[in-house]
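Number of protein chains: 2
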Amino acid sequence: MARIVVQKFGGSSVSSTEKIRKVAQRVKARRDEGWQLVVVVSAMGDTTDELLSLAKQISADPPRRELDMLLTCGERISMALLSMALQEVGVPAISFTGSQSGIITDDTHSQARIVEVKPGRIEEALGQGKVVIVAGYQGVSRGKEVTTLGRGGSDTSAVALAAALHADCEIYSDVDGIFSADPRIVPSAKKLDSISPEEMQELASAGAKVLNAQAVEFAREHGIVIHAKSTHTAGTGTRIEAKPGEQGRVRGVTCETDVWAFCVQGAPESLLELLDAHQVKPRSVSFDASGRTLVLVPLQDVHGPEVLRAKLPAGVTVLDDLGTVTCVGTGLHADALVLRKALSVAKSLSAPVTAMASSALQLTLVTERAHVKALTKSLHEALVG
Amino acid sequence: MARIVVQKFGGSSVSSTEKIRKVAQRVKARRDEGWQLVVVVSAMGDTTDELLSLAKQISADPPRRELDMLLTCGERISMALLSMALQEVGVPAISFTGSQSGIITDDTHSQARIVEVKPGRIEEALGQGKVVIVAGYQGVSRGKEVTTLGRGGSDTSAVALAAALHADCEIYSDVDGIFSADPRIVPSAKKLDSISPEEMQELASAGAKVLNAQAVEFAREHGIVIHAKSTHTAGTGTRIEAKPGEQGRVRGVTCETDVWAFCVQGAPESLLELLDAHQVKPRSVSFDASGRTLVLVPLQDVHGPEVLRAKLPAGVTVLDDLGTVTCVGTGLHADALVLRKALSVAKSLSAPVTAMASSALQLTLVTERAHVKALTKSLHEALVG
Numbered sequence: 538m539a540r541i542v543v544q545k546f547g548g549s550s551v552s553s554t555e556k557i558r559k560v561a562q563r564v565k566a567r568r569d570e571g572w573q574l575v576v577v578v579s580a581m582g583d584t585t586d587e588l589l590s591l592a593k594q595i596s597a598d599p600p601r602r603e604l605d606m607l608l609t610c611g612e613r614i615s616m617a618l619l620s621m622a623l624q625e626v627g628v629p630a631i632s633f634t635g636s637q638s639g640i641i642t643d644d645t646h647s648q649a650r651i652v653e654v655k656p657g658r659i660e661e662a663l664g665q666g667k668v669v670i671v672a673g674y675q676g677v678s679r680g681k682e683v684t685t686l687g688r689g690g691s692d693t694s695a696v697a698l699a700a701a702l703h704a705d706c707e708i709y710s711d712v713d714g715i716f717s718a719d720p721r722i723v724p725s726a727k728k729l730d731s732i733s734p735e736e737m738q739e740l741a742s743a744g745a746k747v748l749n750a751q752a753v754e755f756a757r758e759h760g761i762v763i764h765a766k767s768t769h770t771a772g773t774g775t776r777i778e779a780k781p782g783e784q785g786r787v788r789g790v791t792c793e794t795d796v797w798a799f800c801v802q803g804a805p806e807s808l809l810e811l812l813d814a815h816q817v818k819p820r821s822v823s824f825d826a827s828g829r830t831l832v833l834v835p836l837q838d839v840h841g842p843e844v845l846r847a848k849l850p851a852g853v854t855v856l857d858d859l860g861t862v863t864c865v866g867t868g869l870h871a872d873a874l875v876l877r878k879a880l881s882v883a884k885s886l887s888a889p890v891t892a893m894a895s896s897a898l899q900l901t902l903v904t905e906r907a908h909v910k911a912l913t914k915s916l917h918e919a920l921v922g
Numbered sequence: 538m539a540r541i542v543v544q545k546f547g548g549s550s551v552s553s554t555e556k557i558r559k560v561a562q563r564v565k566a567r568r569d570e571g572w573q574l575v576v577v578v579s580a581m582g583d584t585t586d587e588l589l590s591l592a593k594q595i596s597a598d599p600p601r602r603e604l605d606m607l608l609t610c611g612e613r614i615s616m617a618l619l620s621m622a623l624q625e626v627g628v629p630a631i632s633f634t635g636s637q638s639g640i641i642t643d644d645t646h647s648q649a650r651i652v653e654v655k656p657g658r659i660e661e662a663l664g665q666g667k668v669v670i671v672a673g674y675q676g677v678s679r680g681k682e683v684t685t686l687g688r689g690g691s692d693t694s695a696v697a698l699a700a701a702l703h704a705d706c707e708i709y710s711d712v713d714g715i716f717s718a719d720p721r722i723v724p725s726a727k728k729l730d731s732i733s734p735e736e737m738q739e740l741a742s743a744g745a746k747v748l749n750a751q752a753v754e755f756a757r758e759h760g761i762v763i764h765a766k767s768t769h770t771a772g773t774g775t776r777i778e779a780k781p782g783e784q785g786r787v788r789g790v791t792c793e794t795d796v797w798a799f800c801v802q803g804a805p806e807s808l809l810e811l812l813d814a815h816q817v818k819p820r821s822v823s824f825d826a827s828g829r830t831l832v833l834v835p836l837q838d839v840h841g842p843e844v845l846r847a848k849l850p851a852g853v854t855v856l857d858d859l860g861t862v863t864c865v866g867t868g869l870h871a872d873a874l875v876l877r878k879a880l881s882v883a884k885s886l887s888a889p890v891t892a893m894a895s896s897a898l899q900l901t902l903v904t905e906r907a908h909v910k911a912l913t914k915s916l917h918e919a920l921v922g
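Sequence lines, in order, name chains A and B.
Quick note on my numbering: the first sequence kicks off at 538 and runs consecutively.
Quick note on my numbering: the second sequence kicks off at 538 and runs consecutively.
Careful: at least some of the hints might be erroneous.
No copy is singled out in the list; a pair is fine if it fits within one copy or between any two copies.
Straight-line distance between alpha carbons at most 27 Å, and here's what the computed DSSO-like set of lysine-lysine pairs gives [as the list claims (entries may be wrong)]:
| # | residue 1 | residue 2 |
| --- | --- | --- |
| 1 | Lys-681 | Lys-818 |
| 2 | Lys-878 | Lys-848 |
| 3 | Lys-727 | Lys-746 |
| 4 | Lys-884 | Lys-559 |
| 5 | Lys-556 | Lys-681 |
| 6 | Lys-593 | Lys-667 |
| 7 | Lys-565 | Lys-593 |
| 8 | Lys-593 | Lys-746 |
| 9 | Lys-655 | Lys-681 |
| 10 | Lys-593 | Lys-559 |
| 11 | Lys-746 | Lys-728 |
| 12 | Lys-667 | Lys-565 |
| 13 | Lys-780 | Lys-667 |
| 14 | Lys-681 | Lys-593 |
| 15 | Lys-848 | Lys-727 |
| 16 | Lys-878 | Lys-727 |
| 17 | Lys-559 | Lys-818 |
I should point out that these hints are in silico values taken from the structure, not numbers from a laboratory.
Owing to the predicted nature of the structure, the values given are computational and were not obtained by experimental measurement.
Please model the entire structure based on the sequences and the hints provided.
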């Protein structure tokens, strides 16, 4: 029986009917090599943002359940178009929604987690020789409610399907795999041939857009090797798989400017409750230089940030002019050298270090947004080389 | 228990978030009067056409199944936005897809017919005091495939739900009910307080856009009285209900310029087979002045007309410069006077009558497109007054 590969194509890979035709050609070529294909697609280009802005015109804080109903249309549009494009070039294909694909989630709208995958219809269609197109980013709850998996959820859809189908998993984007930094910010950034899932998770949750952190976690839990490749070139890409990492070596540097820091005088409980009520998961909690508690939140996870700002408990202020630079590598916390180098680099750029957070796998410096790019560049030169 | 009313709002009534907010206010007002509401919405403005054009960029004749997957997004977007708008003004609301609404259809993609309605989830939500928003135009087959009901299908969704819920049925559009002709073409057109379902069906299938013919047929079969009203004014509208019609009286005149006439030398079987294969239902088959068979087809029902043109059997030509003008009234065929008047009016305008079709309820003249509007106006003056 032919091997199954799950391929995921992101929004920029399907942003026009022209690009969708190109993806169809790519899928056809792979099928001609004898593979069975399941293709997970994101929404076309900015579709999700456009739908979101419609919702925002109606409500500053739209009900999650209806938001999911709205946003899931984005992937449905691209999946139907890709299926048409494949059939147009003579490849039998069929598109399935998250629900039809058997992607069962919990009922946390807009941040749902996959609890089970029942790929019956997919296996049946594959058995009939069809290429199966699946709408990424979405699933259905046991209560038959349409749910979404949060930003970048299409990666998670692909990994979950690969696990359920015992298939290979390939995530396609505009770049040829994972780099030691964003080449647009650090021209000397190097492509990594492989990276451990743990390191990849840290990079992703610290702002690297290439792969979704939840997806990597899911892959790690289910022993799936993700292969990150380029939609446009035939490069070798990057394999995300466990390897004995070199202790204390910085594999990559990433940054994030789209964050808010909630600054708390005294106990942060009431703030954390508020964030929880809005299903906002803090990226990190730390003390700043003057001993206040700093709760870092990536803005992309916040629906209606201004609503949140308006509800802030007394004693909590928002610092919205900050950014983070994160060094990722196994065993960094044990390596005082990395911390010392990082701080001296920051000092040499006179980039104020508002706060720091470190774990076994990463060291994050919080600084003013204006300094983020320069700091990223210099830390990469000093620690990755 | 509160009475239930099913209200359907067409694409132009929800073409912007601003208009969607207005509809929400209207729904809220009705609810404040103590009604339980089920609101069926069409896609926003030109959304369906935009999605269709995406499909056409990929395939001249897109597979129906995928086309249904694509087009159903239009109504999902407007239903989610209207539900948000209602909750924004404090009205509990929930949106359901055709599938979630229990609208079960046969599996004829793009032209599906409703075979059953299981309104369990709707009744449950109504019982919880919620306004239920339903995506019109769509359903689900027993094989769990997403289907669409064809152009104007949202009207059918509304009627079917009204029948299943033993509810009143109100269809809202930009005009205050049914007129004796399109006021844009015939300024002297009068609003009808009521019209029989049979007459309404003829008007609708002959080009009147206000109501969908299938929907009217469905309403007649299930004894549902449709109330056609204006989204913008508080007018009395038109009730579509059986009344002893005045024999031979012309109730309305309508026209259609978006038609093709297939002209057949000899037997039309092969043409009819071709049309059937493309799920195209001819509006009428008649002889033209020179004894050839003329098969009239409304273009809106044809996906990829040029594909059809390319497949035409020998001896079949397309006349694509024609239009139709139709007089509707009960017992017209028994009234030679109407026919005589109609023909003399056409003659006075020197509008060539390419073909004629008549039934118990209507008289249709096929003429050159350029003459359609003038003929409509003059026939209305002569026969309706």
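Taking 27 Å as the upper bound on the Cα-Cα distance, should Lys-559 and Lys-818 be classified as within, between, both, or neither? For Lys-559 and Lys-818, neither the intra-copy (37 Å) nor the inter-copy (36 Å) Cα distance is at most 27 Å.
Using 27 Å as the alpha-carbon threshold, which applies to Lys-593 and Lys-746: within, between, both, or neither? within (24 Å within a copy, 33 Å between copies)
Alpha-carbon proximity between Lys-655 and Lys-681, which holds within one copy, between copies, both or neither at 27 Å: Answer is both; intra-copy 14 Å and inter-copy 15 Å each pass.
With identical chains treated as interchangeable, where does the CA-CA distance between Lys-565 and Lys-593 reach 27 Å or less: within a copy, between copies, both, or neither? between (39 Å within a copy, 20 Å between copies)
Given identical chains, is Lys-848 near Lys-727, meaning Cα to Cα at most 27 Å, within a copy, between copies, both, or neither? Neither: 44 Å inside a chain and 56 Å across chains, both beyond 27 Å.
With identical chains treated as interchangeable, where does the CA-CA distance between Lys-556 and Lys-681 reach 27 Å or less: within a copy, between copies, both, or neither? Result: close neither inside a copy nor across copies, 33 Å intra and 30 Å inter.
Checking Lys-727 and Lys-746: alpha-carbon separation at most 27 Å within a copy, between copies, both or neither? within (16 Å within a copy, 61 Å between copies)
Up to 27 Å CA-CA - Lys-818 versus Lys-681, copy category: Only inside one copy: Lys-681 and Lys-818 sit 26 Å apart there, 36 Å across copies, limit 27 Å.
As a check of your reading, is Lys-667 near Lys-565 (CA-CA no more than 27 Å) within one copy, between copies, both or neither? Answer is within: at 11 Å inside a copy they meet the 27 Å cutoff, but 47 Å across does not.
If the cutoff is 27 Å on CA atoms, where do Lys-878 and Lys-848 land: within, between, both or neither? Let me know, please. neither (40 Å within a copy, 74 Å between copies)
Classify it for me, Lys-780 with Lys-667: is the Cα-Cα distance of at most 27 Å met within a copy, between copies, both or neither? Close neither inside one copy (36 Å) nor across copies (54 Å); limit 27 Å.
Is it within, between, both or neither when you check Lys-884 against Lys-559 at 27 Å Cα-Cα? Neither way: Lys-884 and Lys-559 sit 48 Å apart in one copy and 57 Å across, limit 27 Å.
Hint check: violations occur at hints 2, 4, 5, 13, 15, 17; the rest are consistent with the structure.
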